[in-house]
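Asks: Chain by chain, the residues run as shown.
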Amino acid sequence: MQGTSIIPYLLSLVLAPLALGVINRVKAVFAGRKGQPLLQAYFDIFKLLRKGAVYSRTTTWIFRAGPVVSLGAVLLSLTMIPWGGFPALLAFDGDILVFVYVLGVARFFTVIAALDTGSAFEGMGASREVLFSAIAEPALLLGLVTLARLTSGWSLSTVLPGVSTATWIMAGASLSLLCLAWMIVFLAENSRIPVDDPNTHLELTMIHEVMVLDHSGPDFACILYGSSLKLWTLGALLANVLVPVRTGSAFIDILATIGGVFALAAVTGVIESTRARLRLLRVPHLIAAAGALSVLSLVLLVR
Amino acid sequence: METFTDNILAVLLFTDLLLVGMSRLSGCISLVAVQGVLVGLLPLFSPEHVNPRSIVFFVVVCALKGVVFPVVLSRAMRSVNARREVEPFVGFGWSILIGVGILAFSFYQAKQLPIPSALVAGTMVMPAALATILIGIFLIVSRRTAVTQVLGYLVLENGISTFGLATVSGIPLLIELGLLLDVFVAVFVMAIMIYQINREFDHIDADRLSTLKG
Chain A
2 MQGTSIIPYL
12 LSLVLAPLAL
22 GVINRVKAVF
32 AGRKGQPLLQ
42 AYFDIFKLLR
52 KGAVYSRTTT
62 WIFRAGPVVS
72 LGAVLLSLTM
82 IPWGGFPALL
92 AFDGDILVFV
102 YVLGVARFFT
112 VIAALDTGSA
122 FEGMGASREV
132 LFSAIAEPAL
142 LLGLVTLARL
152 TSGWSLSTVL
162 PGVSTATWIM
172 AGASLSLLCL
182 AWMIVFLAEN
192 SRIPVDDPNT
202 HLELTMIHEV
212 MVLDHSGPDF
222 ACILYGSSLK
232 LWTLGALLAN
242 VLVPVRTGSA
252 FIDILATIGG
262 VFALAAVTGV
272 IESTRARLRL
282 LRVPHLIAAA
292 GALSVLSLVL
302 LVR
Chain B
2 METFTDNILA
12 VLLFTDLLLV
22 GMSRLSGCIS
32 LVAVQGVLVG
42 LLPLFSPEHV
52 NPRSIVFFVV
62 VCALKGVVFP
72 VVLSRAMRSV
82 NARREVEPFV
92 GFGWSILIGV
102 GILAFSFYQA
112 KQLPIPSALV
122 AGTMVMPAAL
132 ATILIGIFLI
142 VSRRTAVTQV
152 LGYLVLENGI
162 STFGLATVSG
172 IPLLIELGLL
182 LDVFVAVFVM
192 AIMIYQINRE
202 FDHIDADRLS
212 TLKG
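So the sequence lines, in the order shown, correspond to chains A and B. FYI, in the numbering used here the residues of the first sequence are 2 to 304. FYI, in the numbering used here the residues of the second sequence are 2 to 215.
By construction, these hints were calculated from the structure, which means they are not laboratory data. Bear in mind that the values here come from a model prediction, so they are computed numbers and not experimental data. Where hints are given, some of them may not hold.
[Unchecked claim] Now the in silico label distances, taken between C-beta atoms and shown as ranges:
#, chain 1, residue 1, chain 2, residue 2, range
1, A, Leu279, B, Asn8, 55 to 61 Å
2, B, Arg200, A, Arg150, 30 to 36 Å
3, A, Gly173, B, Ser80, 48 to 54 Å
4, B, Asn8, A, Gly249, 26 to 32 Å
5, A, Ile7, B, Trp95, 55 to 61 Å
6, A, Gly124, B, Phe106, 37 to 43 Å
7, B, Asn52, A, Gly173, 25 to 31 Å
8, B, Leu210, A, Ser165, 41 to 47 Å
9, A, Tyr102, B, Leu174, 53 to 59 Å
10, A, Thr59, B, Arg25, 23 to 29 Å
[What the hints assert, rightly or not] Derived list of chain B stretches under chain A, where covered just means 3 residues or more per stretch with a C-beta under 8 Å from a C-beta of chain A:
#, segment
11, 67–78
12, 98–110
13, 137–144
[What the hints assert, rightly or not] A short list of chain A residues far from chain B (calculated; beta carbon distances all over 12 Å):
#, residue
14, Phe47
15, Lys52
16, Asp94
17, Gly173
18, Pro285
19, Ile288
We put the beta carbon where it would ideally sit given N, CA and C, even for glycine.
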């Protein structure tokens with residue numbers, strides 16, 4: 002760990018909500034609308050922070066702890082991602098597993114906070130979220146194992162910088178399958194369109210939105226910021242593999258990764274505008290396919 | 002040239018997995034066509050490099066598997082009004098899992114086979130051929146409509162020719178062309194069969210045939 006590692010971390014914290022703005026702007030362009038300002042997510046968060054929260058009498062401390070713990074867990078997972086040529090703030094052997102399960106903790110607290118409201122509606126959303134993430138987790142994990150095998154390291158700080166143009170030439174087929182699998186995981190984990198529609202409030206289609214329906218004020222600001230950070234975390238993970246620019250000059254490397262994440266956000270916007278949401282029963286097939294791709298990429302590498 | 006072969010085989014495995022998880026018949030037909038062309042590409046990258054044999058073979062394979070089969074099969078599909086595999090014996094989620102299992106099994110099994118490494122170009126050939134063959138068989142037994150079963154048969158054949166084409170010495174051109182002719186006739190007959198089954202029974206669920214008493 003170096004003192005300068007704090008720079009990319011702070012940049013992530015500041016830029017994360019902007020990625021949401023990029024997605025919405027791309028969708029607005031596709032729909033021929035003017036669209037909300039790019040900085041809308043920041044406005045929303047600051048507005049929510051100034052408001053008071055309403056708690057129902059059936060809820061317990063779990064409901065209040067949920068958003069804060071989730072945000073904390075996502076913040077922790079972000080410390081393990083190295084990007085822009087800087088080492089990660091937190092790096093040790095095996096942090097690959099810790100990274101995945103810290104994200105799991107974030108999800109777990111969102112889910113039990115939703116269950117704590119005692120509403121059947123939120124329970125339904127929680128059940129769906131748990132089902133889909135249980136299938137998405139192996140895909141993410143196996144992808145990380147593939148990278149670990151490729152770069153022979155067990156820490157994100159050695160694995161992610163280890164992916165370079167040379168590794169792409171050596172194991173291109175394997176890496177492209179991996180990126181495809183992670184793209185599906187990226188969309189599923191961030192509740193984007195083929196899996197979940199972030200805009201809809203219909204009970205038949207909602208997954209993430211339904212779980213956070215009862216949160217208000219600062220709690221909801223935590224959730225909004227947490228989900229934008231999660232988008233950034235997984236985006237930075239994928240961008241590290243997709244755009245392996247390692248020039249050594251901090252400025253260019255940082256710019257490459259930021260560009261990668263925003264390009265991913267733009268692609269997400271295009272997918273959201275051109276694809277329909279999958280039927281709920283078909284969603285597990287899509288995510289299972291991501292898992293199959295991860296396995297294939299691992300098998301191609303190990304054989 | 003080995004990396005080219007390996008990349009082609011990786012794409013072949015990818016199409017295998019897609020096939021197992023796809024329910025739209027037209028999509029399946031075009032995937033199998035892509036597979037056929039990929040297999041035709043293999044001899045172009047074989048260790049003895051490009052020779053008249055591989056070029057002739059590539060052209061014939063492209064014409065047959067890339068153009069004729071898809072056209073015949075889509076016509077059969079349209080004539081019987083079958084658009085998608087609705088209720089396979091094995092659901093699509095499970096199919097994908099089984100496909101992954103087959104893949105792992107083939108990679109494991111290919112290592113056990115005592116094949117001299119000088120005979121086969123690259124380490125990917127055996128597992129890819131084995132996986133494609135097994136997935137073809139799996140498609141035949143797990144799907145209900147006759148069109149998908151024909152596709153399974155074609156995938157099986159793709160697997161067999163993958164093995165034949167990527168080996169160093171290869172199979173003589175005459176035998177390969179004879180094989181292709183066989184497959185061509187088989188697909189043709191099967192397309193007619195699909196049409197006839199549909200005319201008799203108003204659907205192409207092949208499993209209902211097993212209730213016939215003879």
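Asks: Hints first: check each against the structure and report whether it holds.
Replies: Checked hints:
1. Checked against the hint of 55 to 61 Å, the C-beta distance between Leu279 of chain A and Asn8 of chain B comes to roughly 30 Å, which is inconsistent with it.
2. The hinted range of 30 to 36 Å is not satisfied by Arg200 of chain B and Arg150 of chain A, whose Cβ atoms lie roughly 54 Å apart.
3. Between Gly173 of chain A and Ser80 of chain B the beta carbon distance is about 42 Å. The supplied range of 48 to 54 Å is therefore violated.
4. Taking the beta carbon of each, Asn8 of chain B and Gly249 of chain A are about 30 Å apart, inside 26 to 32 Å as hinted.
5. In this structure the supplied range 55 to 61 Å is violated for Ile7 of chain A paired with Trp95 of chain B, their Cβ-Cβ distance being about 48 Å.
6. As the Cβ distance of Gly124 of chain A to Phe106 of chain B is approximately 40 Å, the hint placing it in 37 to 43 Å holds.
7. For Asn52 of chain B and Gly173 of chain A, the hinted distance range of 25 to 31 Å is satisfied, since their beta carbons lie about 27 Å from each other.
8. Take Leu210 of chain B and Ser165 of chain A: their Cβ atoms lie about 57 Å apart, and the range 41 to 47 Å is violated.
9. As the Cβ distance of Tyr102 of chain A to Leu174 of chain B is approximately 57 Å, the hint placing it in 53 to 59 Å holds.
10. Taking 23 to 29 Å as the suggested C-beta distance range, the pair Thr59 of chain A and Arg25 of chain B does not conform, at roughly 46 Å.
11. Figure legend: the segment 67–78 of chain B, annotated as covered by chain A; annotation inconsistent (0 residues with Cβ-Cβ distances under 8 Å, at least 3 required).
12. Residue count for the segment 98–110 of chain B with a Cβ under 8 Å from a Cβ of chain A: 6. That meets the three needed, and the coverage hint holds.
13. Using a Cβ-Cβ cut-off of 8 Å, 0 residues of the segment 137–144 of chain B lie near chain A, which falls short of the minimum of three, so the contact claim is violated.
14. Chain B leaves Phe47 of chain A outside its interface by the beta-carbon criterion, the shortest separation being 43 Å against a cut-off of 12 Å.
15. At roughly 43 Å from the closest C-beta of chain B, the C-beta of Lys52 of chain A stays outside 12 Å, upholding its exclusion from the interface.
16. The non-interface label for Asp94 of chain A is consistent with chain B: the shortest C-beta to C-beta separation is roughly 27 Å, beyond 12 Å.
17. Residue-level check failed: Gly173 of chain A sits 7 Å from the nearest beta carbon of chain B, not beyond 12 Å.
18. Against the 12 Å criterion, Pro285 of chain A falls within the reach of chain B, whose nearest CB is about 6 Å from its own CB.
19. Not every Cβ of chain B is farther than 12 Å from the Cβ of Ile288 of chain A; the closest lies at roughly 10 Å, contradicting the non-interface assignment.
Comparing the model with each numbered hint stated earlier shows that hints 1, 2, 3, 5, 8, 10, 11, 13, 17, 18, 19 do not hold.
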